[in-house]
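Student: Chain by chain, the residues:
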Amino acid sequence: MSVEQETFVDRYPQEAELVRRAFLVAFTALGLGALFGIIQALHRTNVLRFIPSTDYYTVLTAHGVLMVIVFTIFYLVGLYQWAITRSLDRSPTNINFTRAWLTLMTVGSALTGITILLGFVDQVGISADVLFTFYAPLQAHPLFYTGLVVFIIGTWLAGVDWFRTWLHWKQDNPDERIPLQTFMVLTSMIMWYVATIGVAVATLFFLLPWSLGFIETVNPLLTRTLFWFFGHPVVYFWLLPAYMLWYTVLPKLAGGRLFSDPLARVVFVLFVLLSTPVGIHHQYVDPGIAEGFKFIAMTNTMFLLLPSLLTAFTVVASMEHGARQRGGEGLFGWLTVLPWRDPAFTGMALAGLMFAAGGFSGMINAGMNINYLIHNTIWVPGHFHLTVGTAVALTFMAGTYWLWPQLTNRRIYSRPIGLLQVVMWFGGMALMSNSMHVAGLYGVPRRTAEPEYAGFDFNTAFGSISELNIQLAVGGTLLFVSTLLFLGNLGLSMGNPKVEGLGQSLPEPLSGASDSPRVLDNMKLWAGIALLLVALAYVLPLGAIIQNGGLFGMGGDAYPVSVLGAFDGLDAVRELLGVVR
Amino acid sequence: MHIHQYEKLWLGMSLLLIVGFIATITYGAVGVGVTMVDDSGGNVNPNALDEHPEFSDPGVEQVGENEYEAHVVARQFIFQPDPIVVPANSTVTFYVTSADVIHGFSVVGTNANTMVIPGEVSEVTVEVNEAGEYGLICHEYCGSGHHTMEGILRVVPEGEYNSSDGGEQ
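Heads up: the sequence lines are chains Z and Y, in that order.
Under numbering that gives the first Met the number 0, the letters of the first sequence match residues 0 to 580, in that order.
Under numbering that gives the first Met the number 0, the letters of the second sequence match residues 0 to 168, in that order.
Chain Z on its own, in the form it takes in the complex (with noise of 0.2 Å):
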């Protein structure tokens, strides 16, 4: 029982410092996302405007870089940190190491954070406006290129710290089955490795050059397609940490066990092989790439569909074992004895039910001639808020009510209040969805700050533009509030006493590890099938891009052409040194 009792934080604590660390982070990002996203949801519908539309687009970078970039990555450190330590039962190789890149990974998103941040303040002269996808030649000022670099190379120390408390645990237990959660925690790593060649190209060769100056001009086209290489499997690199607690900790909330181990396993290698040799489906309205190559990246996507409809079974088919545990009977009768108090297995279970629903606005969006109604209206945002939003943002709030104690030895400040935000999450992000998506259809765009144009109305087949655009402002204030109290609930916990006995460990799968293939532990097969297809996928297409358009573009200027203005590259390195300093 003394081991029943232990929390991580007793048996680890300075790793539980870490991970501790890297959720201060991710929630800060989460709280100063919320503020800029409350912010955009009031502008745009017109309801209430408190800064210039042109600074609309500021507002706009800062929400989407803090939220898909600083607070979920920084919550997948923290939370594979806990994971891999948990499960291999082993502290890193080197935990300065640790500290490193996290410190690195802090250091590269105040970077970008600040200068996207800087947008506001028109005397300094500095700015990134943008947005998340920084298609060139909008231009960012260098730090934030720079930023950006320093973060990507954080996390790729991560991944080797991983492997490397993987290996070396390998050593001491040459034929144990790897744990599932370091599992997890390495094919997500793989994953992210392959991903991050795109950006990593984009930025280092073409954009962090071209910023300072050094070259003149780049190919727009071609780093658009090598962020969608990097853009798509980043979606997965949020998920799969939600796809971690779905499948480890669930089963523990609902009272059982998880259904099934291998399958699992087949997920996350399903992940690795076919998350990056999709991004052209980001695409599909693009000039200057053949029609073949948007129907692979079409079929490509559609299969991406399978390890989440496996997702799906196992996660319902977890929750029903763990009811039936409990006394639950009946076809559906077995739901009411799940513990829908607790605000851990309701966030959770509220968050799967609305990624089936992005599921299927997904599914829309993957649909290559389908995509030509819905392309780059609010429609899309209305789908990722359902995914990114909600399946994860609200996994990764529900988890921590879960983990917190495990990492801090004290409880939660108060379940009712957390049950409240849960809640409220969920029905807040039902009216924003939902207006969004339905707006999307008629045509309304995204990413403008206008609700709407001079010369034209839009048409609405029910309802009123202004009906929809006060249940986005409801949602998007639910939303917020929402935030407020699950950030005020958690900072509220850290008045309350440390205490013993909060200790929890997970339970075995009802089908264990022994009854999967061993192939599925190899990975450097999983890497090399993963860089096969990506090689299948891209290097035609991207071939025929630097042909058609030049490897530096056809020509043209950079905008705006303040961002570095008259600087010629030697005195763009002196500006930033100076105001590195």
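Note that these hints are calculated values from the structure, not bench results.
Only a predicted model underlies this, so the values are computations on that prediction, with no experimental measurement involved.
For glycine and all other residues, C-beta sits at the position ideal for the given N, C-alpha and C.
Hints are not guaranteed to be accurate.
Computed footprint of chain Y on chain Z; a stretch qualifies when at least three of its residues, placed anywhere within it, have a C-beta under 8 Å from a C-beta of chain Y [to be verified]:
| # | stretch |
| --- | --- |
| 1 | 9 to 16 |
| 2 | 217 to 231 |
| 3 | 251 to 262 |
| 4 | 279 to 286 |
| 5 | 298 to 304 |
| 6 | 386 to 399 |
| 7 | 508 to 516 |
Chain Z is fixed; fit chain Y onto it per the hints.
Tutor: Showing chain Y alone in chain Z's frame:
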């Protein structure tokens, strides 16, 4: 590897769904003939549009009995020409390029929708039916004035279309 019977059933149904989706899309492409924007438009130097035979004077021209070509330039924060005037019940091929950053070109409420990327020419062929005015918007963020970037696609009755004005009216 042990797979539960229900899992097998679910796996089979999932694969069926996926194949069904791919079949639907393929039918849309091959059967209905919804083609994708592709690389057929070619490339241009965005800084040399003034010297381009078509984009230097963007507009609409008749190229067949009921067929028209519209050359459109998107730039911060306008479309040229504006309005774009085409006759009803015709086939119009748009050639759209950008003079500066990445833009979007979307006729609101229709599926005429393409990205506009400097250096590339987007070619989109659409069937124009009834007369009327359609909003034309840039749907990709293109700078601080992005929300003001709009235009009009004016579809006029066949008799009222004057081919000599290049659709610039």
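Student: In ascending order, which of the hints set out earlier in this document are inconsistent with the structure?
Tutor: 1 and 6
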